[in-house]
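> Protein chains in written order, with the working numbering: chain A, 1 to 588; chain B, 1 to 588.
Because the hints were derived from the structure by calculation, they are not lab data. Hints may contain errors.
Since the list gives no way to pick one copy over another, a pair counts as held whenever it fits inside one copy or between any two copies.
No more than 27 Å apart at the CA atoms, straight line, and that leaves these computed lysine-lysine pairs for DSS-like [to be verified]:
| id | residue 1 | residue 2 |
| --- | --- | --- |
| 1 | K483 | K121 |
| 2 | K526 | K121 |
| 3 | K526 | K483 |
| 4 | K121 | K99 |
| 5 | K99 | K526 |
2 protein chains.
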Amino acid sequence: MTETSSRLDALRARLRDAGVEGLLIPRSDEFLGEYVPPSGERLAWLTGFTGSAGLAIVLTDRAAVFTDGRYTTQLAHQTDPARWERRHMVEEPPAAWLKAHAAGRRVGYDPWLHTEAWLAKLRAESGVELVALAGNPLDAAWPDRPAPPEARARVHELRFAGASSEVKREAAAAALREAGEAACVLADPHSVAWLLNLRGGDLAHTPLLLAFAILRDDATASVFCHAPARVPPLGDGVWVGSRDALPAALRALAGQRVRLDADATPAAFAQALRGAGAEIAWGEDPVRLPRACKNAVERQGARDAHRRDGAALVRFLAWFAREARSGLLTEMSAAARLLACRREAELFQGESFPAISGSGPNAAVIHYRATPETDRRIGAEECYLLDSGGQYLDGTTDVTRTLWTGPGPAPAELRERWTRVLQGHIALATLRFPQGAAGPHLDAIARRALWDAGLDYDHGTGHGVGSFLSVHEGPAAFSRAAKPVPIRAGMILSDEPGFYLPGQYGIRIENLLLARDAEALPGQAKPFLEFETLTLAPYDRALLDVARLSPAERAWVDWYHARVLAEIGPLCDAETREWLAGACAPLG
Amino acid sequence: MTETSSRLDALRARLRDAGVEGLLIPRSDEFLGEYVPPSGERLAWLTGFTGSAGLAIVLTDRAAVFTDGRYTTQLAHQTDPARWERRHMVEEPPAAWLKAHAAGRRVGYDPWLHTEAWLAKLRAESGVELVALAGNPLDAAWPDRPAPPEARARVHELRFAGASSEVKREAAAAALREAGEAACVLADPHSVAWLLNLRGGDLAHTPLLLAFAILRDDATASVFCHAPARVPPLGDGVWVGSRDALPAALRALAGQRVRLDADATPAAFAQALRGAGAEIAWGEDPVRLPRACKNAVERQGARDAHRRDGAALVRFLAWFAREARSGLLTEMSAAARLLACRREAELFQGESFPAISGSGPNAAVIHYRATPETDRRIGAEECYLLDSGGQYLDGTTDVTRTLWTGPGPAPAELRERWTRVLQGHIALATLRFPQGAAGPHLDAIARRALWDAGLDYDHGTGHGVGSFLSVHEGPAAFSRAAKPVPIRAGMILSDEPGFYLPGQYGIRIENLLLARDAEALPGQAKPFLEFETLTLAPYDRALLDVARLSPAERAWVDWYHARVLAEIGPLCDAETREWLAGACAPLG
Chain A
1 MTETSSRLDA
11 LRARLRDAGV
21 EGLLIPRSDE
31 FLGEYVPPSG
41 ERLAWLTGFT
51 GSAGLAIVLT
61 DRAAVFTDGR
71 YTTQLAHQTD
81 PARWERRHMV
91 EEPPAAWLKA
101 HAAGRRVGYD
111 PWLHTEAWLA
121 KLRAESGVEL
131 VALAGNPLDA
141 AWPDRPAPPE
151 ARARVHELRF
161 AGASSEVKRE
171 AAAAALREAG
181 EAACVLADPH
191 SVAWLLNLRG
201 GDLAHTPLLL
211 AFAILRDDAT
221 ASVFCHAPAR
231 VPPLGDGVWV
241 GSRDALPAAL
251 RALAGQRVRL
261 DADATPAAFA
271 QALRGAGAEI
281 AWGEDPVRLP
291 RACKNAVERQ
301 GARDAHRRDG
311 AALVRFLAWF
321 AREARSGLLT
331 EMSAAARLLA
341 CRREAELFQG
351 ESFPAISGSG
361 PNAAVIHYRA
371 TPETDRRIGA
381 EECYLLDSGG
391 QYLDGTTDVT
401 RTLWTGPGPA
411 PAELRERWTR
421 VLQGHIALAT
431 LRFPQGAAGP
441 HLDAIARRAL
451 WDAGLDYDHG
461 TGHGVGSFLS
471 VHEGPAAFSR
481 AAKPVPIRAG
491 MILSDEPGFY
501 LPGQYGIRIE
511 NLLLARDAEA
521 LPGQAKPFLE
531 FETLTLAPYD
541 RALLDVARLS
551 PAERAWVDWY
561 HARVLAEIGP
571 LCDAETREWL
581 AGACAPLG
Chain B
1 MTETSSRLDA
11 LRARLRDAGV
21 EGLLIPRSDE
31 FLGEYVPPSG
41 ERLAWLTGFT
51 GSAGLAIVLT
61 DRAAVFTDGR
71 YTTQLAHQTD
81 PARWERRHMV
91 EEPPAAWLKA
101 HAAGRRVGYD
111 PWLHTEAWLA
121 KLRAESGVEL
131 VALAGNPLDA
141 AWPDRPAPPE
151 ARARVHELRF
161 AGASSEVKRE
171 AAAAALREAG
181 EAACVLADPH
191 SVAWLLNLRG
201 GDLAHTPLLL
211 AFAILRDDAT
221 ASVFCHAPAR
231 VPPLGDGVWV
241 GSRDALPAAL
251 RALAGQRVRL
261 DADATPAAFA
271 QALRGAGAEI
281 AWGEDPVRLP
291 RACKNAVERQ
301 GARDAHRRDG
311 AALVRFLAWF
321 AREARSGLLT
331 EMSAAARLLA
341 CRREAELFQG
351 ESFPAISGSG
361 PNAAVIHYRA
371 TPETDRRIGA
381 EECYLLDSGG
391 QYLDGTTDVT
401 RTLWTGPGPA
411 PAELRERWTR
421 VLQGHIALAT
431 LRFPQGAAGP
441 HLDAIARRAL
451 WDAGLDYDHG
461 TGHGVGSFLS
471 VHEGPAAFSR
481 AAKPVPIRAG
491 MILSDEPGFY
501 LPGQYGIRIE
511 NLLLARDAEA
521 LPGQAKPFLE
531 FETLTLAPYD
541 RALLDVARLS
551 PAERAWVDWY
561 HARVLAEIGP
571 LCDAETREWL
581 AGACAPLG
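Turn these sequences into a full structure, and let the hints steer you where they fit.
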């Protein structure tokens with residue numbers, strides 16, 4: 001904390017040099033994503049706070065860090081109360097704090113780190129003058145700032161991507177032409193990766209090259225990244241160059257109509273384009289929806305990846321069933337064992353996110369991450385929650401199972417609650433719905449069984465998942481907080497209701513679902529969609545209260561378990577297969 | 001059509017005088033509501049089209065009328081194709097038409113008939129210059145325009161309103177003071193009526209005085225309406241005057257901060273206030289939410305009104321059961337009979353909307369209204385849909401039952417579909433949900449039983465209902481198209497799923513629900529809400545496929561029918577009571 005204290009002083013000295021009386025320091029870097037490389041960990045360097053969502057505001061005489069409910073405890077633990085006011089992002093929002101403490105002052109921001117839309121809202125709500133800075137004063141105050149990542153990038157093969165970069169670019173360029181736009185900025189590296197069939201290693205769990213791109217209406221593209229030599233040739237019409245070349249490329253768009261996505265584009269782009277005399281057309285990233293709607297090859301890749309991932313998970317589950325009561329397992333060692341099982345799977349590239357391995361009360365912490373300090377011995381009669389996933393060249397997985405470590409069935413209350421979570425999970429997995437319905441409209445379907453008992457969970461029911469890309473992918477999500485983007489065939493979404501009793505236990509059950517066109521039924525007047533369950537792993541029947549299930553729910557569990565046994569059984573060793581046959585036997 | 005043709009010519013002559021090359025003619029009048037008095041029927045006068053949603057655009061050389069899917073047939077029937085292009089509001093929106101045909105021209109609008117938000121969107125999407133006009137050229141071209149309504153207004157008694165105007169005004173004024181606003185404009189006559197405990201008779205089915213008001217932060221209010229002498233004294237602090245006094249009252253707000261509701265306020269207010277040097281604070285009508293959340297007296301009034309309304313409806317149903325197969329009933333005569341039954345009910349003031357009385361294929365027309373031309377004899381073996389409601393001094397009702405006219409049970413397909421509609425209706429009526437959930441999140445709950453069979457209905461599941469006010473009241477609605485306003489205790493909403501097979505039959509089942517706080521269950525960690533069913537009338541079991549119901553659904557139907565019998569039975573004559581006892585007997 002002495003260290004972060006001197007950093008705050010150093011930053012304040014730089015603010016004076018920059019002619020401002022304050023600075024906004026967000027958690028994201030210029031790619032506005034969930035994960036940042038070490039070179040982008042500005043918020044952590046300055047404040048000590050390492051949560052994945054936050055914002056600091058430094059004024060000359062006071063400073064505050066904001067985060068949301070998931071991280072308030074961590075924020076209090078990691079930051080120095082003598083130097084930082086700790087605030088709740090929603091209940092004590094930054095705009096109110098600015099209004100109270102920065103009225104009449106000039107507060108600076110790095111235009112690469114915020115969208116214009118967010119800045120406009122902050123300006124309107126706070127009444128404070130926000131000033132775009134040419135360089136980030138924090139970077140100047142950070143002497144040993146790590147270099148940006150330089151991982152080798154590689155081509156994502158056509159046998160996994162399913163469509164060539166040429167075909168994808170031509171489709172996106174046609175959308176630009178139809179809208180009368182000469183070009184668009186792709187500020188989201190996920191879009192760059194998908195469009196150009198390019199994968200990188202700049203982040204720990206998402207195979208991205210951190211890059212911006214400009215796509216033109218003639219289907220040519222320019223890519224701008226640090227150390228461009230690490231990028232392989234991407235074919236005719238795709239130029240790859242250094243970030244230094246970006247300003248000139250934006251200036252070259254003078255007089256043209258250029259699409260920017262308001263939710264995903266740093267303000268610096270709009271400012272540069274206006275300066276160059278280009279016309280800005282706010283519109284959706286033209287790649288986001290095609291990326292979300294997996295093509296036939298990506299869908300088959302997802303099925304294949306889930307079968308291999310299921311085999312690895314089932315091997316772990318069989319082992320866990322034998323070892324859980326040994327008293328020797330800890331959260332970290334169990335997660336390491338699962339990772340070892342996945343490592344043997346073909347095309348495995350790494351975890352899609354740090355596994356959440358929580359036992360007993362730790363499982364009630366929704367975003368728990370076991371560390372050497374918190375690592376807990378898994379007890380003999382308790383719930384163990386394991387939420388994990390893999391990156392495979394042909395697909396991304398994400399699966400959660402909650403397991404009972406005791407020898408017999410779990411206590412009645414736990415079974416009742418786990419079964420309600422399962423009922424919600426099944427209700428969504430078996431839903432048929434008409435075209436046009438969006439995630440916010442369907443989220444309640446997975447909650448009703450819990451709501452009936454006055455119970456709920458404080459997170460969305462599910463998020464989109466990429467194809468060997470991010471495990472959290474927009475635009476669709478089963479969440480009231482999400483934009484109502486209609487669910488389309490080819491989207492992959494998680495179905496993960498839960499229930500958490502703080503200090504005691506946590507339950508979550510998660511499969512990935514692939515949306516597909518449903519076969520028409522007699523009398524059907526419009527197109528319907530349904531879900532294909534991708535994830536293949538048994539549920540722990542020690543937690544099931546079978547009497548609570550309706551006949552249709554029982555039939556679905558039996559059908560699903562039979563499918564798991566048929567698809568995963570042949571991939572297992574004899575001992576695992578025997579365990580799996582028991583785990584997948586019809587309900588008694 | 002010759003008449004409307006000469007009207008169009010007369011209007012065009014006036015456009016030249018006004019110095020514009022076009023005019024927007026919306027369906028609504030300056031109160032922006034669903035219903036308009038004869039003096040506000042500009043769209044119908046000009047075009048012949050009488051649907052409840054529409055817009056005309058007249059240019060010097062061409063003219064178009066726009067409406068939505070409900071009214072496309074009616075639009076084609078009522079308007080002259082030689083003079084009017086007929087367009088679909090959503091698929092061929094006005095902005096696109098303006099862009100194509102009015103580029104570079106000045107198109108006028110009456111600033112009393114549109115919100116600024118809508119005009120800004122139209123301007124942005126069309127690129128056409130829209131010019132505010134001082135007077136409406138159409139009114140000048142309409143020589144025999146009816147006078148504005150002059151119905152007597154009256155005080156809504158405290159025994160029905162439950163809170164005095166003083167108390168309501170003080171609460172709203174406190175909200176203004178907290179927001180630092182000196183006043184607000186109430187441009188919605190429903191808000192004026194509720195705030196001042198005032199009811200009128202300016203519209204056919206909603207007991208409104210068509211008036212604007214200004215509420216100040218000291219809890220005083222000024223009301224502006226045509227013929228103010230018809231308004232009774234409204235107590236200290238409430239001034240009632242003529243519409244002519246409005247400009248001066250707005251000018252008097254110079255230098256002050258004034259709240260306007262962007263969704264409910266004609267552009268003329270913002271233009272006048274800006275001209276006067278007032279500061280506009282866009283914000284929600286401070287009365288809308290208190291009005292939607294009925295107080296204890298309004299809740300009890302709703303229960304009482306529904307009991308009387310139920311008795312009237314049950315009397316009708318018993319009569320209908322005897323007469324349906326006589327071959328003598330028509331849609332209009334049946335609706336008239338129901339109205340006669342309601343007229344005998346205490347505190348009844350009139351229908352809350354024109355009853356939808358549709359038999360056979362007419363029931364598939366969602367907004368069907370029987371007229372002498374369409375009036376149909378009710379057949380012996382078909383579905384009859386009756387959607388109707390009453391205005392009572394203590395509450396507003398809205399109820400739909402679909403009845404089978406045959407002697408035995410309906411055919412299997414009809415029963416299956418009617419039963420799915422009932423299952424959705426029950427699913428919503430029995431929902432428990434946490435605070436914060438809004439209508440768009442819950443709408444799917446009522447659809448699932450239909451979705452399972454590939455069926456759906458193309459309307460929202462339910463709308464808010466006022467307390468002796470409009471039968472369609474915001475801000476909450478069970479609809480994906482509605483704003484996600486959390487449902488609060490005291491809101492009254494309809495629960496009316498349906499199924500329509502065009503050309504054959506239509507099904508809808510509707511009760512009103514009162515949202516209330518739910519008693520906490522063991523383990524419940526946050527507040528939940530539930531619904532109390534207000535409507536009391538049996539479902540027609542000739543349409544029920546009892547084998548499709550779950551045990552819980554069967555139990556609910558039996559519980560509801562027992563309640564109907566217990567509450568309505570004592571209010572009926574002997575013959576009706578005997579019929580009701582059979583209709584409410586436990587399911588076999």
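> If a hint holds in the structure, say so; if it doesn't, say that too.
The hints, checked one at a time:
1. K483 x K121: both (18 Å within a copy, 20 Å between copies)
2. K526 x K121: Neither way: K526 and K121 sit 40 Å apart in one copy and 31 Å across, limit 27 Å.
3. K526 x K483: both (23 Å within a copy, 25 Å between copies)
4. K121 x K99: within (13 Å within a copy, 30 Å between copies)
5. K99 x K526: Neither, since 51 Å and 32 Å both go past 27 Å.
In this structure, the hints that do not hold are numbers 2, 5, in rising order.
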